[in-house]
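Asks: Sequence:
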Amino acid sequence: MVDYATRRVFMVDTQVRPSDVTKFPIIDAMLDVPREAYVPAAMREAAYVGENLVLSDDRVVLEPRTLAKMLDGLEIDPQDAVLDLGCGLGYSTALLARMAGFVAAVEDDEARAAEAQSLLSENGVDNAAVICGPLNEGAPKSAPYDVIILQGAIERFPDALAEQLREGGRVAAIFAEGALGVVRIGYKIDGRISWRFAFNAGAPLLKGFEATRDFVL
1 MVDYATRRVF MVDTQVRPSD VTKFPIIDAM LDVPREAYVP AAMREAAYVG ENLVLSDDRV
61 VLEPRTLAKM LDGLEIDPQD AVLDLGCGLG YSTALLARMA GFVAAVEDDE ARAAEAQSLL
121 SENGVDNAAV ICGPLNEGAP KSAPYDVIIL QGAIERFPDA LAEQLREGGR VAAIFAEGAL
181 GVVRIGYKID GRISWRFAFN AGAPLLKGFE ATRDFVL
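Position 9, counted from 1, in the sequence shown is what UniProt numbering calls 9; the numbers after and before it change by one each time, with no gaps.
Watch out, some of these pointers could steer you wrong.
Cut-off 25 Å, straight-line C-alpha distance, at most; resulting in silico cross-link-like pairs (DSS-like, lysine-lysine) [claimed, not checked]:
| hint | residue 1 | residue 2 |
| --- | --- | --- |
| 1 | 207 | 141 |
| 2 | 207 | 188 |
| 3 | 188 | 141 |
| 4 | 141 | 23 |
These are calculated hints, taken from the structure and not from any lab test.
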């Protein structure tokens with residue numbers, strides 16, 4: 001039998017705490033949520049390695065350090081409504097559900113969305129719902145959100161998502177810039193999002209978040 005609980009402790013002690021993530025709600029969630037339950041069966045042995053776990057050509061489960069530092073920068077409150085874009089099989093959603101009041105997760109692959117909802121239900125997560133649809137459209141029916149987080153890289157943050165963020169809300173995204181991406185935390189102030197640098201991290205570019213490029217003859 002693999003002792004996944006011990007692996008979770010090792011992950012937190014070697015990947016999360018050394019990255020200056022010490023807030024109790026994050027540590028508690030990462031120690032409690034079984035990461036191995038939210039990855040394909042063939043990848044469970046690698047569930048706690050310190051790197052992105054590939055789900056498909058353009059989708060990953062973010063490495064523990066990156067996700068933990070993004071959560072740290074978002075300052076999530078227990079009453080917050082959160083929009084989790086690109087939830088994969090639900091690991092990030094399960095963590096967020098431990099920290100927030102409600103999580104709307106969006107997944108653009110129908111089979112993956114169904115599996116994520118099933119896994120969340122099996123693991124007793126009852127304050128999250130998985131919606132299948134384009135990631136760049138968000139989940140407007142449950143808006144506005146206090147927090148938005150993207151589980152992959154972007155080149156632009158769509159206006160449609162900015163409109164779903166509550167005034168005073170926060171958003172965390174990895175911006176694809178060169179070989180290494182840049183994580184920024186955004187704050188919605190007076191109807192506009194102001195971004196600040198947080199740290200460097202990499203992930204595949206999410207579909208629908210490509211920059212608009214001018215046509216040149």
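Asks: Decide, hint by hint, whether the structure agrees.
Replies: Structure-based check of all given hints:
no.: 1; hint: 207 x 141; verdict: holds, 21 Å
no.: 2; hint: 207 x 188; verdict: holds, 24 Å
no.: 3; hint: 188 x 141; verdict: holds, 20 Å
no.: 4; hint: 141 x 23; verdict: violated, 31 Å
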